[in-house]
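Participant: Generate the whole structure from the sequences, applying the supplied hints.
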Amino acid sequence: MAKREYNTVESGPRAFWDMLHPTIQKNYGQWKYHDRPRPGVLHHVSKTGDEVWTVKAGTHRQVTVDIARRLCDVADKYCAGFLRWTVRNNVEFTTDVEANVAPMIEELEAMGHPVGGTGNSVAAMAHTQGWLHCDIPATDASGVVKSIMDLMYDEFKQEEMPNRVKLSTSCCEINCGGQADIAIVVQHTRPPRINHDILATTCEMPSTVARCPVAAIRPTTVNGKPSLMVVDEKCICCGACFGACPAMEINHPEYSKLAIWIGGKNSNPRSRPSNMKLVAHGLPNNVNRWPEVAEKVTSILKAYKEGGRDWERVGEWADRIGWKKFFEVTGLPFDKYMIDNYRHARTSFNQSAHIRF
Amino acid sequence: MAENKLNPTPNLDTLEEGPWPSFISGFKELYNRTGNTMVRGVLDQLNYSYETRMGYWKGGVVGVHGYGAGIISRYSMVPELFPEAKEFHTMRIQPPPGLHYSTKALREVLDIWEKHGSGIISMHGQTGNLQLQGVTQDKVQELFDDLNQLGWDLGGAGATVRTGASCVGQARCEMACYDTLKMHEKVLTYFTDLVHRPQLPYKAKFKFSGCGNDCANAIQRSDYAVIGTWKDDIQVDEAEVSKFIEERGIAYLTNNVITRCPTNAIEMNEDGKSITINNSDCVRCMHCLNVMNKALSPGNERGVSLLVGGKGHLKVGNMLGSVIVPFMKMDDDDDIEKFIDLIDEMIDYWAENALDHERVGETIERVGMQQFLDAVGLEATPEMVLQPRDNPYFKAPYEEAG
Ligand code: HEM
Ligand code: SF4
Ligand code: SF4
Ligand code: SF4
Ligand code: SF4
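First to last, the sequence lines map onto chains A and B.
For the first sequence, our numbering assigns the number 1 to the initial residue and increments by one for each residue that follows.
For the second sequence, our numbering assigns the number 1 to the initial residue and increments by one for each residue that follows.
Hints are all accurate, no fakes.
Here are the simulated DMTMM-like cross-link-like pairs (lysine to aspartate or glutamate), alpha carbons at most 20 Å apart as the crow flies:
hint : chain 1 : residue 1 : chain 2 : residue 2
1    : B       : Lys-294   : B       : Glu-240
2    : B       : Lys-315   : A       : Asp-232
3    : B       : Lys-5     : B       : Glu-16
4    : B       : Lys-338   : B       : Glu-379
5    : B       : Lys-115   : B       : Asp-145
6    : A       : Lys-26    : A       : Asp-50
7    : A       : Lys-32    : B       : Asp-233
8    : B       : Lys-58    : A       : Asp-135
9    : B       : Lys-315   : A       : Glu-233
10   : B       : Lys-86    : A       : Asp-135
11   : B       : Lys-273   : B       : Glu-247
12   : A       : Lys-32    : B       : Asp-331
13   : A       : Lys-47    : B       : Glu-238
14   : A       : Lys-32    : B       : Asp-232
15   : B       : Lys-315   : A       : Glu-204
If you're looking for bench data, these hints aren't it; they were derived computationally from the structure.
Facilitator: This is the structure:
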């Protein structure tokens with residue numbers, strides 16, 4: 001083998017200063033306020049008097065070198081060769097020339113990138129890897145996002161919700177996609193089916209046993225060989241063991257379902273950050289367009305748009321009107337599986353005489 | 001020139017309909033231009049996943065010289081069906097903090113990536129990595145070396161410090177109470193060894209948000225959530241306040257600012273043109289600043305709150321980070337050094353005491369916050385709790401219990 005000439009430099013994160021537009025460098029830490037001249041555009045004013053305009057656009061999320069190069073072309077033409085991505089896979093173009101804004105919007109939209117995602121819009125969806133790239137998914141992530149965002153297209157481009165709405169989707173219960181105002185998360189509905197043929201050779205047994213949050217996995221012997229078993233009554237179908245050991249097959253074309261959760265909020269304004277809550281489950285993993293999931297998401301958003309007050313996030317709206325009414329106005333059925341039965345469950349019960357009729 | 005020909009992908013083709021940009025169309029365009037057979041292979045396997053509703057990737061071990069992490073290996077479980085997708089590994093690259101790019105630097109990455117890999121790229125993953133998706137093992141080292149010479153480095157995977165995330169920060173946000181980008185760069189650079197070589201019980205994530213709006217989603221999604229805040233009074237521009245009231249009306253101010261303050265810290269004054277903020281009641285939630293963006297600004301005595309122990313589902317369920325340090329000033333490099341010293345203590349304690357696959361929040365839950373605070377040398381303070389314990393069963397040493 002050829003001798004390696006190059007010595008690795010363990011440099012850490014890529015240095016950021018040279019990645020900033022000169023006007024941004026000049027006004028770094030000096031910004032005074034911002035407003036939004038129209039949906040999809042932010043206008044920041046500095047204490048120095050300088051101003052910048054930022055155009056925000058949606059992307060395919062899984063992009064290619066071609067797509068990224070075209071976005072670079074836009075940045076070269078209008079933004080002195082600088083651009084930025086957001087955590088929700090949007091792309092942002094900042095310019096200090098107001099006259100660049102309109103042609104930039106036109107160009108981006110002509111390329112198929114919707115301009116929006118600011119203020120009280122439905123933002124682009126955070127998502128995970130799915131069948132395209134993860135080793136444990138029960139569904140695709142990019143496809144769910146494409147299907148839902150097609151329906152949210154207008155809401156992305158407008159700012160007509162009571163407050164911003166963040167969506168996310170995840171392709172297994174590990175939920176890399178995260179919590180959001182509305183989160184779509186895969187739900188395993190059966191304990192793992194164990195592939196004893198490969199288990200002993202593929203999996204480290206003690207760490208697989210240790211992975212289970214409810215101690216449902218036990219060592220056993222199958223056909224004279226050491227293997228593992230699952231106590232079905234204990235198993236909560238979390239799929240954690242599958243991540244450790246691919247022989248614990250949790251995914252199933254029919255029994256892997258999707259569930260919808262609402263009210264996840266990471267920001268602090270008004271109410272404290274909060275976890276998402278289950279509002280629908282057992283929805284079929286119906287490729288290629290997931291119509292059952294899309295319908296539920298749409299009905300939640302419709303009810304929120306009608307009933308939410310200014311600045312109320314989805315979860316805050318549900319808290320104000322009460323969960324009873326939430327299920328009424330969204331038309332979603334409430335059932336016993338929405339009552340928590342895991343750790344500290346009783347703190348989520350109504351420990352008061354506060355009841356709405 | 002022979003035309004590049006894709007196999008039929010009827011399931012994926014439906015994802016080209018509708019107005020939102022379609023990743024499938026993007027992949028097809030890429031293949032048609034480059035003829036890179038990995039792209040065709042991955043489309044074929046994805047189409048098969050849609051047909052059978054199952055995934056077909058498995059992991060393995062792929063790495064570069066000297067590193068133990070940063071590349072997620074992907075081998076097809078059905079290579080006989082899709083030989084072109086047999087290997088399709090992902091390289092995680094640490095992006096510039098705040099995800100700001102010059103097109104020059106980005107184009108360099110794109111060119112190197114096209115030369116060695118599939119050309120499929122994710123900008124960015126949920127942890128913030130620049131993800132280069134689809135490279136074979138024999139190309140991994142060259143790919144990395146070419147990038148590394150331009151200042152790019154791998155991110156974390158497995159039991160490591162993971163790639164950090166930061167909000168747009170002082171680059172373009174008037175709310176930023178500290179330099180999130182610089183702190184991200186410094187802290188993650190300090191922990192570089194722990195990013196590259198798995199030697200921890202499990203993952204450890206840092207996220208940096210410039211204020212309580214927490215655009216980097218730190219409190220929910222990171223072990224060490226660094227949130228910008230201030231200690232003194234909210235800055236009020238009186239003229240802008242009265243302008244706001246004139247323009248939006250008293251009803252709007254009442255319904256959307258005064259009554260939305262979670263601690264009732266804001267009062268309307270008799271004159272109907274101004275407000276008083278009782279700053280000792282304010283919890284710095286950011287709401288009034290967001291609504292009255294021109295009139296109100298964070299105070300001058302700025303710094304960070306550190307919340308520890310946030311994480312996603314696996315395996316005890318979601319946990320939000322909780323306050324460990326209510327306030328730390330973050331004005332200069334010395335302050336960042338002090339922060340790093342404190343985190344070093346926490347990571348050391350966690351590395352020594354955690355069970356396998358246990359995040360720091362779970363360790364704190366298991367050993368108890370009292371023990372964690374003692375171990376890292378911090379005093380308990382009322383900012384750490386919503387309320388003191390209401391559980392009567394507790395034990396304290398005789399001399400302290402009195
Ligand atoms: C082999 C298994 C797994 C794969 C392939 C995988 C894949 C991914 C990927 C690709 C991302 C985005 C990464 C990035 O942005 O750089 C991610 C993020 C994430 N993963 Fe996983 N993951 C796996 C297992 C897990 C497990 C076991 C957990 C347990 C809690 C987990 C929790 C998360 C979380 C919380 C995020 C979001 C991170 C954040 O927002 O900071 N993942 N995962
Ligand atoms: S949510 Fe699950 S299946 Fe999806 S990327 Fe994360 S670990 Fe993989
Ligand atoms: S699915 Fe979860 S609960 Fe069931 S055996 Fe596996 S780890 Fe345990
Ligand atoms: S977290 Fe605060 S400082 Fe950072 S971008 Fe969001 S609003 Fe601005
Ligand atoms: S920041 Fe929040 S808590 Fe403080 S005064 Fe404003 S609304 Fe009230």
